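J.: Chains as they are written, first to last, in the numbering used here: chain L, 11 to 799; chain G, 4 to 296.
Simulated from the structure, these hints should not be mistaken for lab results.
Check the hints yourself; a few may be wrong.
[Unchecked claim] DSSO-like mimics (lysine-lysine), calculated; alpha carbons at most 30 Å apart, straight line: (1) 741/L x 82/G; (2) 82/G x 758/L; (3) 257/G x 584/L; (4) 257/G x 766/L; (5) 766/L x 146/G; (6) 107/G x 394/L; (7) 107/G x 146/G; (8) 758/L x 107/G; (9) 205/G x 766/L.
[As the list claims (entries may be wrong)] Label pairs and their in silico Cβ distance ranges: (10) 226/G x 413/L: 38 to 44 Å; (11) 262/G x 621/L: 53 to 59 Å; (12) 260/G x 153/L: 57 to 63 Å; (13) 82/G x 502/L: 37 to 43 Å.
In this text the structure is predicted, and so the values were computed from the model without any measurement.
Glycine is no exception: its CB is placed at the ideal position from the N, C-alpha and C atoms.
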Amino acid sequence: MLTQRIQLLRKQSLEARACLSPERALLVTEFYKNNITDEMSVPVIRAKCFEYILKNKQLCINNGELIVGERGPALKAVPTYPEVSLHSPEDLEILNSREKVSYKVDEDTKRVYRETIIPFWTGKSQRERLMKGMSQEWLEAYKTGIFTEFQEQRAPGHTVLGDKIYKKGMLQIINDIQQQIEVVKQQNLSFSGLYSDRLEELRAMEIAANALIMYAGRHADLLEVMAEKETDAVRKAELVQMAEICRRVPANAPQTLHEALQYYWFVHVGVITESNPWDSFNPGRLDQHLLPFYRRDLAEGRITGEKARELLQAFWIKFNNHPAPPKVGVTALESNTYTDFCLINLGGVKADGSDAVNEMTYLLLDVIEEMRLLQPGSMIQVSKKNPDAFVRRALKIIRTGFGQPSVFNTDAIIQELLRQGKDIMDARKGGASGCVETGAFGTECYILTGYFNLARILEITLNNGIDPLTGKGVGIQTGNPVDFQSFDEVLFALEKQIRYFADIKIEGNRYIEELFVTHLPVPFLSLLIDDCIEKGMDYNAGGARYNTSYIQGVGLGSLTDSLTAIKYHVFDNKNITMNDFLSALRDNFESWPEFRHQLLYLTPKYGNDDDYADEQACSVFEMFYAAIDGRPTYRDGYFRVNLLPTTCHVYFGSVTGALPDGRQAFQPLSEGISPVQGADHRGPTAVIRSAARIDHIRTGGTLLNQKFSPSFFDGNESLEKLTALIRGYFKLDGHHIQFNVVSADTLKDAQEHPEKYRDLIVRVAGYSDYFNDLGRDLQDEIIRRTENG
Amino acid sequence: MTVLTNSVVSILSIPIITQKSLSNHQISFVVLVFDIRRFSVHDGPGIRTTIFLKGCPLHCLWCHNPESRQTVPEKYTRKNRVGNRVFEVEEQIGKYWNTDSLMKEILRDGPFFEESGGGVTFSGGEPLMQAGPLKEILRECRKQGVHTAVDTCGFAPEKDFREVAALCDLFLFDLKYADPAKHLEYTGVSNDIILSNLYSLKYQTASLIIRIPIIPSVNDGQENLDNSIEILNKLKDKIIQVDLLPYHTLGNHKYTDIYPESEKAEFPLLEVNILNHWMLTLIKEGFVVTSGG
């Protein structure tokens with residue numbers, strides 16, 4: 011039962027409409043116009059800009075709040091970052107009027123943009139710099155949907171905090187910086203690293219650290235004024251206490267649960283105000299970080315279990331108050347959501363390798379269940395050392411059908427991190443963030459750099475380097491497929507084409523990384539991630555202990571099934587010539603319905619534990635991996651692969667023509683490492699066995715979705731069996747699995763389009779079956795039941 | 004372009020017995036299977052693979068697996084929809100597997116059996132109708148540590164039954180009707196052999212779960228309940244659980260789809276209070292009871 015306060019806060023958050031606030035853009039513009047001198051280094055400019063925003067932004071303390079600090083002047087008032095990417099008047103119109111995921115833009119904001127922000131930033135934003143610096147090949151591949159670029163509108167981010175802030179206040183961090191400045195001075199190193207001057211970087215960090223203390227102090231001042239005026243004695247006392255907390259943290263290390271949460275929240279607002287780092291900055295292993303404070307508060311009688319729960323719920327709402335900054339153009343298509351992919355990690359193992367599940371884990375699972383908010387997202391890390399009861403508790407939330415928490419394999423994550431060269435203790439302190447991406451929390455800068463359309467590259471390979479949709483040459487000539495004598499020649503041509511586009515992507519990435527080092531360092535974020543201070547080097551420049559750049563492959567299932575179809579029909583069974591097959595593709599199968607039927611129903615498909623089909627998943631993975639893994643980044647790190655789509659499989663599908671697996675042009679591609687939608691029909695264990703054929707340990711994350719009807723989760727026995735299913739997948743080194751509980755609408759769609767839902771399992775009177783295999787009457791009955799359930 | 008007529012999903016294709024596989028295993032049996040379901044979660048403990056063996060000596064009027072009865076493969080026209088078009092594909096119900104290939108198929112879900120305490124269930128049809136290959140596979144499962152369950156109606160020669168009982172870990176034993184005459188009337192055979200096989204399990208190591216299909220207006224009355232309890236009480240210490248299986252219409256579409264010419268007897272759906280009465284009575288007698296199974 012939610013307290014009245016939480017009900018109010020939740021309602022405020024849910025009812026507020028996302029709107030675009032010009033506040034930050036205006037402050038940044040004022041600062042760049044009036045406060046920059048020639049002597050200032052870039053890191054110092056960025057730190058002073060950060061300080062200027064925190065000093066001048068309007069504060070917002072919402073009714074009944076326990077944790078304070080909003081990025082905008084009001085809740086869900088989303089700032090923009092014109093120094094990174096500049097919205098045009100048209101963009102603002104679209105954001106305001108589009109049907110889904112809209113951001114209200116009032117006339118005042120549009121005017122400010124027209125008169126002040128656009129004139130100042132045109133030609134100076136990072137996005138324009140970036141696009142100007144890209145090669146012709148890069149631009150062509152980008153435009154034709156072969157890859158996307160994350161840093162085109164946002165800054166490199168995607169990191170997760172470790173335990174540093176729970177141990178050190180900003181004053182201690184400043185002390186560390188000053189000591190480091192002395193060390194650098196003694197070493198007489200004026201220049202080091204790549205492009206940043208160490209001393210300037212350290213000075214910038216110091217400014218940023220002080221800025222956060224100042225920002226908290228402003229909240230304390232305001233809270234004291236509010237307390238003064240407050241007539242309700244209980245709230246008055248709360249406000250006084252909150253003011254005291256804001257005086258203590260972030261200046262000092264937190265002593266209580268409330269201080270720990272408030273400290274984190276100031277840091278969170280700081281990171282997402284300094285820049286707009288892509289995705290997911292979040293506290294990471296929250297159950298580990300908060301446990302000591304919770305235990306101490308309980309032992310010393312400072313808090314009750316119920317009070318702690320309320321505090322955590324109030325904290326949860328803060329995430330939901332912060333929709334993702336709005337994107338534009340292609341990026342808006344590929345990732346059209348308010349969520350900014352914060353992913354709270356629960357469970358897993360401690361740094362010493364022992365079971366990390368504790369009472370705070372279960373308390374946070376309660377909070378997730380009770381709050382049912384879009385943000386923050388949550389996941390459980392499941393190690394072989396964690397108890398089944400923990401998994402079952404999470405499954406009880408999953409079965410309610412709100413898509414959280416997702417389930418990750420801690421033991422695989424640790425192996426992935428170790429393979430990438432991380433220390434075992436750092437690896438155990440890591441987890442997954444964003445969708446599924448592996449990282450060492452608090453010690454790693456790992457950035458996603460863009461999705462890579464594997465299926466589209468096959469399309470171009472089958473056209474000897476030509477994009478069949480435009481007739482233009484985008485790839486390299488790898489031979490006319492009609493002349494291929496064996497299936498190996500198909501694979502060889504594809505491999506060359508993947509390599510070609512990977513080279514273009516990687517070259518572009520290196521340049522973009524350099525741009526961020528030169529123009530947009532992040533001294534505040536650098537305070538938080540080890541070893542930026544010790545190295546005197548910015549997070550964006552390689553200051554973190556580990557540096558990784560990910561390229562995310564999309565369409566594994568679609569490409570696998572396409573290759574299998576070519577092998578099966580053209581080479582192994584000679585059912586069709588390559589020439590006819592290519593004609594059918596050009597024709598979008600319009601005049602080839604029988605052949606398309608064969609492709610859809612009578613061809614081996616990935617996801618059925620069929621060695622013939624799954625073999626190609628391995629080929630695809632190895633090609634992609636070989637083209638990318640281990641290649642050096644600009645920041646002295648390495649490129650790695652992961653296999654996840656967010657929603658990019660829809661965008662990539664919309665630019666990709668008909669594929670040999672029978673998919674017609676412009677339909678979505680398969681997502682993550684899941685089989686093509688509806689291609690699997692032998693149940694979840696077969697899907698899992700197929701998915702486990704690729705080597706997850708050599709990725710930085712894979713995504714597997716499984717659909718179930720809600721009734722499948724009935725009773726404790728089914729929870730035990732699902733737990734075993736998860737354990738089985740993880741024993742095979744699977745990285746992640748997510749259970750989607752399907753709605754009645756989906757079932758109705760399945761009745762109309764059975765070919766898309768061959769994988770859908772429903773539970774009938776104590777019995778489970780494929781939905782497609784049921785008679786119409788029974789289907790109707792299950793739909794009715796799902797609607798009522 | 005060749006038009007494919009058979010179901011060609013490679014895992015379901017008929018394993019061919021070669022000279023080589025014969026020489027590796029002196030006795031390699033062939034078994035007729037009409038379906039294999041993985042992640043089967045209602046046919047015994049844990050996550051299981053259920054192998055449905057084709058052929059059944061009984062003809063229960065309420066049978067929901069009509070394709071399980073005949074002991075030979077049958078033709079069936081599957082209708083696949085692509086957009087608005089329907090394509091008909093000739094499929095075969097029932098494929099011959101050699102025991103080696105079947106064993107490989109079973110072991111594919113080994114990791115899940117281990118995690119869940121599951122294994123393989125042989126169902127049917129009546130698996131004991133193919134007792135030779137069944138024994139061969141059970142022996143191999145035992146060798147490889149796979150838990151086995153046999154879902155049987157109990158109608159099998161005493162020798163086969165005894166040998167299978169010695170090789171499997173669990174029986175899912177159907178008790179369709181306690182009264183021999185009624186049993187004959189509704190299933191086509193009397194239950195004297197069945198009961199004698201059932202009682203013989205008292206001295207076997209395999210565990211025993213009794214499954215009672217409750218068919219409204221057929222065997223759901225008080226008399227059958229009392230008589231069934233009398234039978235069950237003779238094996239009281241042996242029976243680990245009683246599953247009550249209320250009649251369902253899940254299989255009805257198979258009659259219209261696969262056997263459009265045949266007629267299926269219609270029964271009303273079971274009333275909840277009757278099911279509850281059975282459950283409570285059996286629980287009072289000291290049995291562990293589930294329903295739905």
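J.: State for each hint whether it applies.
T.: Comparing the hints with the structure gives:
1. For a cut-off of 30 Å, the pair hint linking residue 741/L to residue 82/G is broken: about 38 Å separates their Cα positions.
2. The hinted pair formed by residue 82/G and residue 758/L meets the criterion: a straight-line CA distance of about 19 Å does not exceed 30 Å.
3. Taking the CA atoms of residue 257/G and residue 584/L, the gap is near 35 Å; set against the 30 Å cutoff, the hint is violated.
4. Distance restraint check for residue 257/G and residue 766/L: the Cα-Cα separation of roughly 22 Å lies within the 30 Å cut-off, and the hinted pair is therefore satisfied.
5. Using a Cα cut-off of 30 Å, the hinted pair residue 766/L and residue 146/G is violated, with the two alpha carbons roughly 41 Å apart.
6. Restraint check for residue 107/G and residue 394/L: the C-alpha separation of about 27 Å stays at or below 30 Å, so the hint holds.
7. This hinted pair checks out: residue 107/G and residue 146/G have alpha carbons roughly 13 Å apart, not beyond 30 Å.
8. Note on residue 758/L and residue 107/G: the hinted pairing is violated, with a Cα-Cα distance of about 37 Å set against a maximum of 30 Å.
9. About 50 Å separates the Cα atoms of residue 205/G and residue 766/L, which puts this hinted pair outside 30 Å; it is violated.
10. For residue 226/G and residue 413/L, the hinted distance range of 38 to 44 Å is not satisfied, since their beta carbons lie about 52 Å from each other.
11. Range check, residue 262/G to residue 621/L: Cβ separation about 34 Å, and the 53 to 59 Å hint is violated.
12. Against the hinted window of 57 to 63 Å, the Cβ-Cβ separation of residue 260/G and residue 153/L comes to about 50 Å, which falls outside the hint.
13. Between residue 82/G and residue 502/L the Cβ separation comes to about 40 Å, which falls inside the hinted range of 37 to 43 Å.
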